[in-house]
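Novice: As a plain string of letters, each chain reads:
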Amino acid sequence: MTELRESLIRKRYAAERRFRIYGASALVLTAVFLALLLASIVWQAVPAFTEKSVILDVVIDPAEADPANPAAGNYDGMVKAALKQVLPDAKSRAERKALNGLLSSGAGDELRRLVIADPALIGQTVTLPVLLSADATLYLKGLQTRVAVSAGASPVTLAPAEGGEGFVLSGPGVSSKPGLSPGQIVMSGSAALRITAIESGTASAEALTPIDASLSALTPGNWKTLSFSAPEADRRTSDLQATWLEQLKDAGRIETGFAWRFFTAGDSREPELAGIRGALVGSLLTVAVALALALPLGVAAAIYLEQFAPKNRLTDLIEVNINNLAAVPSIIFGLLGLAVFLNFFGMPRSAPVVGGLVLALLVLPTIIIASRAALKAVPPSITEAALGVGASHQQAVFHHVLPLALPGIMTGTILGLARAFGETAPLLMIGMVAFIADVPHGFTDAATVLPVQVFLWSDLPELAFKNKTAAAIIVLLGVLFILNAAAIYLRRRFERRW
Amino acid sequence: MNAAVPYQTVVTPASPRIMAERPMKITARGVDVYYGDKHAINQLSIDIPDRAVSAFIGPSGCGKSTFLRAINRMNDTIPSCRVTGDIVIDGEDIYDSKLDVVQLRARVGMVFQKPNPFPKAIYENVAYGPRIHGMAKNKAELDVIVEQSLRKAGLWEEVKDRLAHPGTGLSGGQQQRLCIARAIAVNPEVILMDEPCSALDPIATAKIEELIDELRQNYCIVIVTHSMQQAARVSQLTAFFHLGTLVEYGDTDEMFTAPQEKRTQDYITGRFG
Amino acid sequence: MSDHIVKAYDEDLAQLKTMLAQMGGLVEQQLDDAIDALYRRDTALADLVIQNDEKVDTLEHQVEEKAILTIAKRQPVARDLREIMVAIRVASDLERIGDLAKNTAKRTHAMSDQLPRKLMAGVTRMGRMAQAELKGILDAYARSDAAMALEVWRSDEDLDALYNSIFRELLTYMMEDPRNISLCTHLLFGAKNMERIGDHATNIAENIHYLVHGKPLAEGRPKKDVTSSLRIEGFNPSDE
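Residue numbers (my numbering), protein chains in the order written: chain A, 1420 to 1917; chain B, -16 to 256; chain C, 5 to 244.
If we strip away everything but chain A, and leave its shape as in the complex, we get (with noise of 0.2 angstroms):
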């Protein structure tokens, strides 16, 4: 009998353990998952929250730029001729739209604003930050071209190739360790040159950028390669642009900062001068139609249905209806928006109002469930209270039950709009998904929202997107964390035991 029992006290004792077990490593697993997830997103945003600029001492030439209307200038074009200042060895077309291409398109913003501000300004000498292009961007960043820099540690000499182009590179840099390779560039100061072959301790390379006749040795640690990984055709910089941003790097034109573009700018097909601004201002507006519309409207069909409706068919068949339609696919009520708003009503595309709309029929359920669940939680007693000092069913309703039963609507509510913050489906059947550059600014301008934007940027090709995409979730995670902090921070603030 004891050994019986005995073994059946073991047994249970190992089933509870094994139990608590799979419990926490299934709770391990998840967390796993999701600080994996996290991780990943948060290295390939890192970069998208930076930018880089070359400093340039920009000269507001009059002549481009009339003083009665600053606006009209041409900037871009002070700004090229700048960079040019510094990096004057590109003589080609080929060699200059190459240079040009180091600098955003958007580079002479600033510049213009700086102008518009202060008109003053026009005929003078100005040092400021010039944004880089993605490319530039990107390559100083280390991110797209696989660049590694090495410094030279032994000493080379140079001499000019015999009887024709390019030059010859000998003496223990060429083959001593690290030595050097075909492809490489080798770089002193302003001139570089690209190794075209290595035949027994010599180089043969070609002059990227005009070579000082006077240049004929590089001591150790005045010079340094740049190995590529991949081939220059197969690269978005090229040798040449490599070698120019190396130029600037060295001459501390380079400068960091942090991408308040980022959160400041509309969309672009620019990744360096992309934001999120748009897409955010867009969720807002859309959710704030939502909340408008979903809020009042969820929380008097609560009430009405939990205090005030008959318990009948018709109730019953609501209420199942209800329960329903939480559980619909959202994309039907991108469908509905569609048919309805836009088509029977002819409301405008794309716009935050009609988006607002679609999405409050999508979290309605969810707020009339939740505000339903809030009342039927506040017991029953305290209406009992309010009726036995006599005060009417609606009295007791609004003095008593609704002000107890908020925090949980408001809860629900806040979770609903979480939802509705996140939801992409149904936009795009109403043309939020457009590419939208502007911020709009009112509830019929074309806008897109958050997770949508996310969605576009995803779709792109150029590599500098993939970081604002990710960058993008991070807001959009954000702003999700930041609801749900305000649902948890209510119902623990507000609710009340009994």
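The set of hints was computed from the structure by calculation and includes no laboratory data.
In this text, a Cβ means the ideal position worked out from N, Cα and C, and glycines have one as well.
What you were told as hints is all true, and nothing was included just to trick you.
Not the full set, but computed from the structure, chain B residues with beta-carbon under 7 angstroms of chain C: (1) 212; (2) 239; (3) 241; (4) 242; (5) 248; (6) 251; (7) 252; (8) 253; (9) 254.
Starting from the known structure of chain A, arrange chains B and C on it as the hints suggest.
Specialist: This is chains B and C only, laid out in the frame that chain A set:
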């Protein structure tokens, strides 16, 4: 036990004495209460005097609470509940369609089983009723009503310094007295109490019982209780309910020394079953 | 009457009843012995009666304790409450009856053989009547029979009537010969004791009526003992 066994309402010879001393407040004649198909109260007739405590006792499900809640039409909140027959308070049929149920509930206050103060300030708890009934023209008048009600409920000295504190922070007994103060505040004629001490410890119970005894001077009090001793202690009249009928109703002193009905005797001596 | 839901409550009440039955039996025995002792002038038996009275007192205390404990524990109401209250009162009456029996037994020592049999016979007859009354009332109590108790209650009239006649008789004896006074006084007290026992029996009868009906007996008590207001003819101290 067969529900069909007809019980005759017995009014013991001593009760006319109590009846004669006090004016009659509530008169019920042939009252039936149904919850859907369930016949909760069957042909109940009773006369409840003013300025006395009448206790309803009986086993669970005997209909005593149901009848109590019929007196201020609290049963109206239950959709399936139906009441027939006459319940008259001061000559006025309370189930008359012309009667405003909200006004009725102001006249017939109620105290519930579990103390249920509003989760608001003590002051607000008491002031709520007078406020919705427009009983005070200004804050000063309201203050007076609140203080008087709390004094009558024997709670003033304990809470006068913390009127702004939530009523739910009081002890169980204090909460129940707050609920009584809240009921008194709207100046009712009748106070119904549905097992007011069942959630309280003996000391708190004693305080409530003392309070009930004081309130009896000015109100018609009807109390439902599961504690026979409590009924014996606080009431002047006791009604014994069983299976939806009034088995015996009479002088409490008689009920607990020499009840007329064997069923009453069996119940109060603990032989039911 | 059906049982309580709490069985221990029933046991408490049953125990109380058993203790009273025991006490009743003991008191009956005491009375019987006291009468026998008086009749036979058996001083040894009289001493036994005196000794045994302590047992009656002890039992009364036990009944009281049990009753108080039951009240404290069960908070009895209605019939149960009456049952317990009546038990206390009956116990007290029985204790008094026991005392009276003891008192009668004590007087055996004062008796002498010179006493005329005739005189003795009257007192013992009263004793037997009182004994019958006690037995009847104990039966009525055991059965909670109010009708039977009422019968006993009525029969007390006869005992009182007998007492009156014996009183007169003894007075006559005393007046005839002052030497008889001491003896007759003892006999008179014995007779009075029996009369008191009858009174206690009627008390018990009234309690049984209250126990069963829940209200006091409405009729007046059939008190036929007129000796307290009897004027003694021809005997006036001022005449001497």
